[in-house]
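Asker: Protein chains in written order, with the working numbering: chain A, 1 to 251; chain B, 1 to 205.
Honestly, the hints are just simulated from the structure, not real lab data. Where a beta carbon is used, it is the ideal one built from N, C-alpha and C, also for glycine. It cannot be assumed that every hint is accurate.
Stated by the list, open to error - Taking lysine-lysine and the BS3-like style, the derived pairs with C-alpha atoms no more than 30 Å apart in a straight line are:
1) K158(A) x K110(B)
2) K194(B) x K36(A)
3) K136(A) x K21(A)
4) K211(A) x K56(A)
5) K211(A) x K110(B)
6) K83(A) x K9(B)
7) K14(A) x K9(B)
8) K110(B) x K14(A)
What the hints assert, rightly or not - Quick look at which bits of chain B chain A covers, simulated, 3 or more residues with Cβ under 8 Å:
9) 39 to 50
10) 95 to 106
Unchecked claim - Selected chain B positions facing chain A (in silico; Cβ < 7 Å):
11) N12
12) A29
13) P119
14) V147
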Amino acid sequence: MRARVIPTLLLQGKRLIKTRKFAAPVYIGDPINAVKLYNDKEVDELVFFDVEKSVKREEPDYAFIEQLCSEAFMPICYGGGVKTVAQMRRLFNLGVEKVSLSSALFENPELVREASDTFGAQSVVTTIHTKTGFFKKNSIYNVARRQSVPGNVIDFIKTAERLGAGEIILYSVDRDGEMMGYDLDTIRTVAPQLNIPLIGCGGAGEWGDLKSVIDAGAAAAAAGSLFVFKGPLRGILINFPTQNELRVILQ
Amino acid sequence: MTLVVLDLKIANVGSVVNMVRRIGAEVTASADPHVVGQATKIIFPGVGSYDHGVQELHSSGLFEALSRRVLVDKVPILGICLGMQLFTRRSEEGQLDGLGWVDADVRRFKPQNSTIKVPHMGWDYVALGKSSPLFYDMSDDARFYFVHSYYVTCADESDVIARTHYDIDFVSAFQKDNICGVQFHPEKSHRYGKQILQNFIERVA
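Just chain A, same shape as in the assembly (with noise of 0.2 Å):
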């Protein structure tokens, strides 16, 4: 099975952006568009943050969400201010196939537990920030508040998987945006303590990035602006590797 390839798009409202280490946000058009044309490309699934919701502590927009999942003939993932079971039986029904948990790890981690136990394990992404502080020193990030979260980053991370999260995508804020490449130490020291699927995010800047975060151990690969710009410039183009040349990419 060929490792997955992720378009991780952010949300603000009905706007898709893309953010520089979670800041300094760009408009890059509409997303209904953008899944269309990921359709065209048969990508292997998409990942939508909203990345308002969890802060201005408001409800997923359930109706925007139902229009992208009607667009959508490849797997959609939304993470964006669920709080509670009933909204994500909500997403389960307006299409939406997995839901991400990151706040809830922080709020209200039994969430984890309750979602995994009602819809199944491969259902409930848990979404992990990391965000290099004081001396070099990687911790847990909760975006929502923006701030760092004391304890160790390895022990939140299986925290995630004991409460039964069916994957996690570790995303590095420092690397969001910049294009240097994944936070591959992480991921070669995380990947292997755990039984479910990591999904490597923040970072990419080109091709050969992906097949560097599988190599280090992660089951897919996620990225927002190496599949939303083009060239130095950061030309907006939504954009991804045809299904031949990601087997190259990946070989």
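Take the given structure of chain A and dock chain B to it, following the hints.
Answerer: What follows is chain B alone, placed relative to chain A:
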């Protein structure tokens, strides 16, 4: 043809409905036993736990209505993922009896090798066995999207139409007369999945 997508509120029915509409067929999403009683073709998508699916079948009054429509009236039905699994006798995931239309059971992946992760999640291939209209004109490089921790094992080998290897060789598609099941998600498998749904609609009698 009256095509009904069973909507038990246990699955993402929206994408199935939309893909069927792309094919050009008319479709109704419903869990009403009367609507199901009129259906001449049924698609049953499902995700989530086995017992929850069985309970929803009972509480919606569909357990008997559906069995009658499928076993007595011989209406073609396509189960997707948990939908397929519910056609079997039972699952290691739960305590409740399934629909039992196909002599098959559902087991959990228990890989000895820790590099094989559960759930089996992602795009994978199928090895075709017994010829079936479901895979009519399918290209050799067809790949399908799987997300599951449990798999089907058939007691009667002649029901198996496709297998996929993940830790073990499991049944990724079966057909017993008018009863079809696929473990993968056609509605999330681009043109290959569309072909499966189209074949079911146009060719499974």
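Asker: Does each hint hold? Answer for all of them.
Answerer: Status of each hint after checking the structure:
1. Using a Cα cut-off of 30 Å, the hinted pair K158(A) and K110(B) holds, with the two alpha carbons roughly 20 Å apart.
2. Distance restraint check for K194(B) and K36(A): the Cα-Cα separation of roughly 16 Å lies within the 30 Å cut-off, and the hinted pair is therefore satisfied.
3. A hinted pair counts as satisfied when its Cα atoms are at most 30 Å apart, and K136(A) with K21(A) qualifies at roughly 16 Å.
4. Restraint check for K211(A) and K56(A): not satisfied, since their Cα atoms lie roughly 36 Å apart, outside the 30 Å limit.
5. As the CA atoms of K211(A) and K110(B) are separated by approximately 28 Å, the hinted pair is consistent with the 30 Å bound.
6. Proposed proximity of K83(A) and K9(B) is supported: the alpha carbons are some 20 Å apart, at most 30 Å.
7. The suggested pairing of K14(A) with K9(B) holds, with an alpha-carbon distance near 26 Å, which does not exceed 30 Å.
8. For the suggested pair K110(B) and K14(A), the alpha carbons sit about 42 Å apart, so the restraint of at most 30 Å is broken.
9. Only when three residues or more bring their CB closer than 8 Å to a CB of chain A does the claim for the region 39 to 50 of chain B stand; here the count is 3, and the claim holds.
10. Only residues whose beta carbon comes within less than 8 Å of a beta carbon in chain A count, and the region 95 to 106 of chain B has 0; fewer than three means the coverage is violated.
11. At about 4 Å, the closest approach between the beta carbon of N12(B) and any beta carbon in chain A falls short of 7 Å, and the interface hint on this residue holds.
12. With its C-beta approaching chain A no nearer than about 10 Å, A29(B) sits outside the 7 Å limit, and its interface hint is violated.
13. Residue-level restraint check for P119(B) holds (minimum Cβ-Cβ distance to chain A is 4 Å; threshold 7 Å).
14. Because the closest C-beta pair between V147(B) and chain A is about 5 Å apart, less than 7 Å, the hint holds.
Against the hints set out earlier in the document, violations occur for numbers 4, 8, 10 and 12.
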